[in-house]
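Visitor: Generate coordinates for the entire structure from the input sequences, incorporating the hints supplied.
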Amino acid sequence: MYHFVTNGIYRFCEWVTRLAYLNLLWAFFSIVGLIIFGIGPSTIAMYTVTRKWLQGNTDIPVYRTFINAYKQEFWRANYLSWIVLTVMAIFYVDFMIFGWMNQETSVVAFILMILFLIFTIVFLFLFPVYVHYDIPLTKTFKYAVLIGFTKPIYTIGMLAGALGAILISLLHVTVILFFSGSLFAMIVTAFAMKAFNSIDKGPASEQVLQ
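Just so we're aligned, residue 16 is where the sequence shown starts under the working numbering, counting upward by one.
Just so you know, not all the hints are guaranteed correct.
Derived SDA-like pairs: lysine to any residue, alpha-carbon spacing no greater than 25 Å straight-line [stated by the list, open to error]:
#	residue 1	residue 2
1	K157	L174
2	K67	Y107
3	K209	A177
4	K216	I171
Hints are computed from structural coordinates only; laboratory data are not their basis.
Guide: What follows is the structure in structure tokens.
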């Protein structure tokens, strides 16, 4: 019983350290790229590391894996992040506009909320799809849409997990500093990998991802 408890504590501390280190790498290299040029490749690099961890490769050299993905995917990751950030900015402006308008816009606001939910689902699958499949950038969006809406159980779990990660990150500034990105990526990647495995093992996988 003693060894079981101590091993559990050790593994917990080990994962806390891993996630904290990965989060610091993500934040540091995002800043190095002046955010606009760094957030995309840093996020892809972070998801690359979490994917390898969830595949059982927990002994990988984290820094080397991270920096190799950062450099290799720098421009493609930036293109992806710029598209995502542009859409986010459009939604932000739209919500601000509708917030200033009266109740006559409620139907339009409802439609906007539906579109934002669709975007959120695609966004959550986007980075895991990018690092899991060796496909062109245009197909990355297509795969994210198809998987997100053909695997609703995993999508709902991912939405709940992502919300939980955000709420945990808001508990304290230290949590934001050390775990905000890496914890979010870990949870999202875990659900995404389950969806990918379900598709890969399914008889209609080739028809779904074409």
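Visitor: None of the hints should be skipped; say for each whether it holds.
Guide: Status of each hint after checking the structure:
no.: 1; hint: K157 x L174; verdict: holds, 19 Å
no.: 2; hint: K67 x Y107; verdict: violated, 34 Å
no.: 3; hint: K209 x A177; verdict: holds, 15 Å
no.: 4; hint: K216 x I171; verdict: holds, 20 Å
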